[in-house]
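Q: Position chain B relative to chain A; hints supplied.
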Amino acid sequence: MIKNRIDNLFEQKKGLLSIYFTAGYPNLDDTMSVLTALEKSGVDMVEIGMPFSDPLADGPVIQLASLKALNNGITIKKLMEQIKDMRKTITMPVVLMGYINPVMHYGMEAFLKDCQAAGVDGVILPDLPFDEYIEHYKDMMDKYGVHYIPMIAPQSSDERIKYIDSKASGFIYMVASAGITGNIKASLDTRTAYYQRIKALGLKNKAMIGFGIKDKASYEHACNNADGAIIGTAFIKHLSDKGVNAIGEFVSAIR
Amino acid sequence: MSKYSVNSNGYYGRFGGQFVPEMLYPNVDNLKKVYQEILNSESFQKEYKQLLKEYVGRPTPLTYAKRMSAAYGTNIFLKREDCAHTGAHKINNAIGQILIAKQMGKTRIIAETGAGQHGVATATVCALMGMKCAVYMGEVDIQRQAPNVARMKMLGAEVIPAMTGNRTLKDATNEALRDWISNPEDTFYIIGSVVGPHPYPDMVAKLQSIISEETKWQFREQTGKDLPDYVLACIGGGSNAAGSFYNFLDDETVRLVAIEAAGLGLDTPDTAASIARGTEGIIHGSRTMLMQTDDGQIIEPYSISAGLDYPGVGPLHSFLAESGRATVLAATDQEALDAAFELTRLEGIIPALESAHALAGLKKLDFKSTDNVVVTVSGRGDKDMETYMKRFKL
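Residue numbers (numbering that gives the first Met the number 0), protein chains in the order written: chain A, 0 to 254; chain B, 0 to 393.
The following block holds chain A by itself, in its conformation from the complex:
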């Protein structure tokens, strides 16, 4: 059983706010300054995006940020160097999020070893299917104390969700509506029906809602239906427009 900063956080607090940002963006060396500003602004957790050339679950905003970061020269190796001493100053849980190909290329075990050394608490790998994780990587992730954070979506069946919940740890990432990141099509009513379905299943794991959470209203709506919310696209937009110095302003507008 893994027990790390993620588990401690969920024991202590409700209505959590997690922010997603892209490593190496807007400039290559901004990873630590964004992370530090987010910690200062009082967010509860962060997800650092590891850019990929073909991010098929992402909308245009995160795609562009990823492309810019890749052009800046970000790599997993570079990111690991940037965050290797983060635990001297950063106390909140840190999750890395990215697509499976660059991670496989880096080597899963080498990647997890570096995660452990840097103090990374979890990974979100959307295109590593849950069953592949269970079969091939669960033991490895347990060994290095890194949670695999699974996703569920509105179209996931009850049976599938219960199965994932039974084997998951850390928390479950609830994708708010059918769509890619930054998609805000679904109305709050549509979402409510889905959130209530999940609530009725009585999951053992904590859950965070992400995709399409963009402001105070959608954040609060998510918090009423789960343990917290994840904001990505809206934050990247703000960061692109206003820069690293205005991060506190974004967070205080949410809560």
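It is worth saying that the hints were derived from the structure and are not from the lab. Heads up, a few of these hints could be off.
[To be verified] Derived pair list, reagent style DSBU-like, types lysine-lysine, alpha-carbon separation capped at 30 Å:
| no. | chain 1 | residue 1 | chain 2 | residue 2 |
| --- | --- | --- | --- | --- |
| 1 | A | Lys-161 | A | Lys-12 |
| 2 | B | Lys-52 | B | Lys-101 |
| 3 | A | Lys-137 | B | Lys-32 |
| 4 | A | Lys-198 | B | Lys-52 |
| 5 | A | Lys-161 | B | Lys-32 |
| 6 | A | Lys-166 | B | Lys-31 |
| 7 | A | Lys-87 | A | Lys-39 |
| 8 | B | Lys-32 | B | Lys-52 |
| 9 | A | Lys-184 | B | Lys-52 |
| 10 | A | Lys-215 | A | Lys-203 |
| 11 | A | Lys-12 | A | Lys-213 |
| 12 | A | Lys-184 | A | Lys-137 |
| 13 | A | Lys-137 | A | Lys-161 |
| 14 | B | Lys-31 | B | Lys-45 |
| 15 | A | Lys-184 | B | Lys-45 |
| 16 | B | Lys-32 | A | Lys-166 |
| 17 | A | Lys-161 | B | Lys-31 |
| 18 | B | Lys-31 | B | Lys-215 |
| 19 | A | Lys-184 | B | Lys-101 |
| 20 | A | Lys-198 | A | Lys-76 |
| 21 | B | Lys-105 | A | Lys-184 |
| 22 | A | Lys-205 | A | Lys-215 |
| 23 | B | Lys-101 | B | Lys-48 |
| 24 | B | Lys-105 | A | Lys-161 |
| 25 | A | Lys-184 | A | Lys-112 |
| 26 | A | Lys-137 | B | Lys-152 |
| 27 | A | Lys-184 | B | Lys-215 |
| 28 | A | Lys-215 | A | Lys-241 |
A: What follows is chain B alone, placed relative to chain A:
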């Protein structure tokens, strides 16, 4: 069960799989559960075979290429997918998948396309079946394949430009997958090659296997012999090669030869030879050979042929190459152009640039005078006339 068949988890050896985000899992899983049953059902087979015969014009001829045979000192047969409706083998798969989509109650079709052949095939079957159709195509490809864009529009499809990345086939595929994630209920994604998450590689291979099914009996009928010695096909994603090889996989005496696009050359960065120059990775839902950087970022490939311009290759082909069942060669742009010209002048057949790569393979093999060699001409060259005009100064 052939040792070259996909296993129940969607793998050929270690290649393949189902690397999709959870948002796509229900769709892909559902398709996995029903595709075999639908494909094997009598009603599907009846309708599919009837459409292939009466709409596509199958069987396509197996043509003994007399002057080519003399030139190469062997016996060359051409499997003529260029004679199929819409001008290429792509229609075999599009017809099969739209029947599956209908059976599953889907009402909207999406597809990706590079050169536009698969997009045209999909738009064609959507018009035939009265289904809504959206085709994703890289903005760069839209500009260089204007006639096919016009064909799709005339057929009633919406052509949506992919504006991300390098704005070619890989990006069109990403956009189609994003569309599918966003419209999981009513939409069916008709993938054009033996790529993507399981069950697509197997489903598309089975729908294209009609090519080798016909080749086999046509060859017997024409020669009185049991099996050819060689089967050659070009390979980008690998759908015509999969179809050309499929019914010969277990006939181990038949040498299967896949010809990749070397672009400007295997030793240059401008190549699309994923097996020769790629490394193992995961793209569009399956583990396969892939053009990528040391950091695992996907590299934009290059070939004169838009249909071979894909950074990955179907997982079946990675497996056939690694197991040694298939020989993989590569032909450069120039070799393909020369082969296209040669076929045109010796046999009166203008091949697609993709198919010209398969023909270029003939120069790279040592045939005996008694050998029987089948080359699949996957499509006709109408769509490539602009390139031919430029390169041959016509």
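Q: For every hint, state whether the structure bears it out.
A: Taking the hints in turn, this is what the structure says about them:
1. A:Lys-161 - A:Lys-12: OK: A:Lys-161 and A:Lys-12 at ~24 Å, within 30 Å.
2. B:Lys-52 - B:Lys-101: 20 Å, holds
3. A:Lys-137 - B:Lys-32: 26 Å, holds
4. A:Lys-198 - B:Lys-52: 53 Å, violated
5. A:Lys-161 - B:Lys-32: Roughly 20 Å separates the two Cα atoms, so the pair holds.
6. A:Lys-166 - B:Lys-31: 23 Å, holds
7. A:Lys-87 - A:Lys-39: 14 Å, holds
8. B:Lys-32 - B:Lys-52: Cα-Cα ~28 Å, so holds.
9. A:Lys-184 - B:Lys-52: 44 Å, violated
10. A:Lys-215 - A:Lys-203: Holds: A:Lys-215 and A:Lys-203 sit about 27 Å apart, inside 30 Å.
11. A:Lys-12 - A:Lys-213: 21 Å, holds
12. A:Lys-184 - A:Lys-137: Distance ~35 Å between A:Lys-184 and A:Lys-137 Cα, so the pair is violated.
13. A:Lys-137 - A:Lys-161: 18 Å, holds
14. B:Lys-31 - B:Lys-45: Given pair B:Lys-31, B:Lys-45 holds - Cα atoms ~22 Å apart, limit 30 Å.
15. A:Lys-184 - B:Lys-45: 41 Å, violated
16. B:Lys-32 - A:Lys-166: 23 Å, holds
17. A:Lys-161 - B:Lys-31: 21 Å, holds
18. B:Lys-31 - B:Lys-215: 29 Å, holds
19. A:Lys-184 - B:Lys-101: 27 Å, holds
20. A:Lys-198 - A:Lys-76: Distance ~39 Å between A:Lys-198 and A:Lys-76 Cα, so the pair is violated.
21. B:Lys-105 - A:Lys-184: 21 Å, holds
22. A:Lys-205 - A:Lys-215: At roughly 21 Å apart (the allowed maximum being 30 Å), A:Lys-215 and A:Lys-205 satisfy the hint.
23. B:Lys-101 - B:Lys-48: 16 Å, holds
24. B:Lys-105 - A:Lys-161: 27 Å, holds
25. A:Lys-184 - A:Lys-112: 39 Å, violated
26. A:Lys-137 - B:Lys-152: Not satisfied, since the Cα-Cα distance of roughly 48 Å exceeds 30 Å.
27. A:Lys-184 - B:Lys-215: 52 Å, violated
28. A:Lys-215 - A:Lys-241: Holds, at about 19 Å.
Comparing the model with each numbered hint stated earlier shows that hints 4, 9, 12, 15, 20, 25, 26, 27 do not hold.
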